[in-house]
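Trainee: Okay, here's what each chain looks like letter by letter:
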Amino acid sequence: MCLAVPAKIVSIDGEKAIIDTEGIRREVVVSLIPDPKVGDHVIVHAGFAIQKWSEADVAEFNGLMDEMRSVEPGAPGHGPHE
Amino acid sequence: MKCAVLNLARQDMVRMNKRIEQVYALFAEAKQPLKFMEVCGTHTMAAFRSGLRSLLPERLSLISGPGCPVCVTANDSINKAIAIAGCPDTIVATFGDMIKVPGSTTSLERVRAQGGHVHVVYSPLDALDLARKNPDKRVVFLGVGFETTVPGVAWTIKNSAETGVANFSVLCMHKTMPAAMAALVSAGPIDINGFLCPGHVSVVIGSNAYAFLAEKHKVPCVVAGFEPMDMVGAIEMLLRQIVEGRSSVEIEYSRSVTPEGNLAAQRIIQEVFEPCDAMWRGVGRIPGSGLKIRREYAAFDAELIFSDIAIESDDENPACICGKILRGVKTPYDCALFARQCTPSEPVGACMVSSEGTCAAYYAYAKKRGA
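Chains A and B, in that order, are what the protein sequence lines are. Residue numbering for the first sequence follows this note's numbering, starting at 200 and increasing by one per position. Residue numbering for the second sequence follows this note's numbering, starting at 2 and increasing by one per position.
Don't read these hints as lab results, they were simulated from the structure. Accuracy of the hints is not assured; some may be wrong.
[Stated by the list, open to error] Simulated crosslink set (DSS-like; lysine-lysine; CA at most 27 Å straight-line):
1) K207(A) / K159(B)
2) K331(B) / K101(B)
3) K215(A) / K36(B)
4) K159(B) / K251(A)
5) K251(A) / K215(A)
6) K101(B) / K293(B)
7) K138(B) / K293(B)
8) K134(B) / K215(A)
9) K236(A) / K325(B)
10) K368(B) / K325(B)
[Stated by the list, open to error] Per label pair, the in silico range of CB-to-CB distance:
11) E259(A) / L264(B): 44 to 54 Å
12) G213(A) / E347(B): 25 to 35 Å
13) E259(A) / T344(B): 35 to 45 Å
14) G213(A) / Y334(B): 46 to 56 Å
15) G213(A) / Q33(B): 53 to 63 Å
16) G222(A) / A212(B): 21 to 31 Å
17) G213(A) / A337(B): 47 to 57 Å
18) T220(A) / Y334(B): 32 to 42 Å
19) N318(B) / D234(A): 17 to 27 Å
20) S187(B) / T220(A): 38 to 48 Å
21) K138(B) / T220(A): 30 to 40 Å
22) S62(B) / G213(A): 45 to 55 Å
23) G238(A) / S314(B): 53 to 63 Å
[Unchecked claim] To list a few chain B residues with every Cβ distance to chain A over 10 Å, as calculated:
24) G87
25) D127
26) E245
27) S249
28) S257
Each residue gets a CB set at the ideal place from its N, CA and C atoms; glycine is no exception.
Turn these sequences into a full structure, and let the hints steer you where they fit.
Mentor: Below you can see the structure in the form of structure tokens.
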């Protein structure tokens, strides 16, 4: 029911920010994570950033994605879910 | 080749096969049949979709737990949401999964087809916007979900109070995960040898929230991510605990989860909500496993605003065994309705409705036993 997807913060205005997820932009609330900054990688659930990812986390995730190169559309490989 | 089922590139099959071999080696060392419960509905889906289940040793079973929030929402709560959707000048805003869930005689989807105002939203923020744009209507957001979802709903309630949106409210059906897991291990007769703990719930509550399961109930716990490689890694970690004769809480999904969790999210949950007993479909009342809106925010509590509406009596189809499936003691194959009267297009029970429900997952990926 509740997807959480990795995204990057593009701009910040108070408690809200514009994030980019694979080219799709939307406004989310970022006040639930500490010290959000433009360029931060976050995971987003239902309009709220709920966690920051460090550069190492992003690299690990990208590594996993490379590892799990999937041939079937819609198969795992499109971000963490819940 | 084992990992063909995971659709991996050849060199990655080798890496995955190594992990799977490790799982087989540890399982052999454990010398007993084992049951691991994946608590989260998305783990259930990921395990089926990737083909992971078919790669595991035959006597190492993954059983699905009560981690699909739509599935565990009590019939009575669905009836209440349906009744609210039928009120004049009222809009019900909900996550999409809820609209097909059958109440006693109808669903939100059917109410909408008959002219009721039911809007599917992506976020509680969209529901608040709907309230701002429709000042002459009451907008009720259906608060369903575990700790992943709750902070956002808390923020939205607080924001509507701060910005004076008086026509917004929440029908709070939120539940919390650790209390339900405690109920599972205390109730018996389920023998769960390990928990694959939910990834994004744990982002918020932190892995320390499961410490009592490992310490008091001696059940190994590993917080798992959602990629097949994550899940195999977590299964390997659970097996290692069993082989080494210990039970602790470990994090496989360390890129997102910390022991203490997201403290700001925990604070806003506590500010807006307080714990209460909650009814779980099929499981019954679990003490302290629900959340209700605090008195300070009573003006946004749909439970109070609509306290006098008539609600249909709480009748579930007696043949439906969703409850036992949610506790992990039965599988969909044990249900007389599964894939006959109960299908995703005509669901009888909640586990068939949500795409993350156990019955829906079995229907999509393993309709027949052994498939």
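Trainee: Determine for every hint whether it applies to the structure shown.
Mentor: Hint by hint, here is what the structure shows:
no., hint, result
1, K207(A) / K159(B), "holds, 26 Å"
2, K331(B) / K101(B), "holds, 24 Å"
3, K215(A) / K36(B), "violated, 43 Å"
4, K159(B) / K251(A), "holds, 23 Å"
5, K251(A) / K215(A), "holds, 15 Å"
6, K101(B) / K293(B), "holds, 24 Å"
7, K138(B) / K293(B), "holds, 24 Å"
8, K134(B) / K215(A), "holds, 19 Å"
9, K236(A) / K325(B), "violated, 46 Å"
10, K368(B) / K325(B), "holds, 18 Å"
11, E259(A) / L264(B): 44 to 54 Å, "violated, 23 Å"
12, G213(A) / E347(B): 25 to 35 Å, "violated, 46 Å"
13, E259(A) / T344(B): 35 to 45 Å, "holds, 39 Å"
14, G213(A) / Y334(B): 46 to 56 Å, "holds, 52 Å"
15, G213(A) / Q33(B): 53 to 63 Å, "holds, 56 Å"
16, G222(A) / A212(B): 21 to 31 Å, "violated, 41 Å"
17, G213(A) / A337(B): 47 to 57 Å, "holds, 55 Å"
18, T220(A) / Y334(B): 32 to 42 Å, "holds, 38 Å"
19, N318(B) / D234(A): 17 to 27 Å, "violated, 51 Å"
20, S187(B) / T220(A): 38 to 48 Å, "holds, 40 Å"
21, K138(B) / T220(A): 30 to 40 Å, "holds, 31 Å"
22, S62(B) / G213(A): 45 to 55 Å, "holds, 49 Å"
23, G238(A) / S314(B): 53 to 63 Å, "holds, 55 Å"
24, G87, "holds, 24 Å"
25, D127, "violated, 7 Å"
26, E245, "holds, 25 Å"
27, S249, "holds, 23 Å"
28, S257, "violated, 5 Å"
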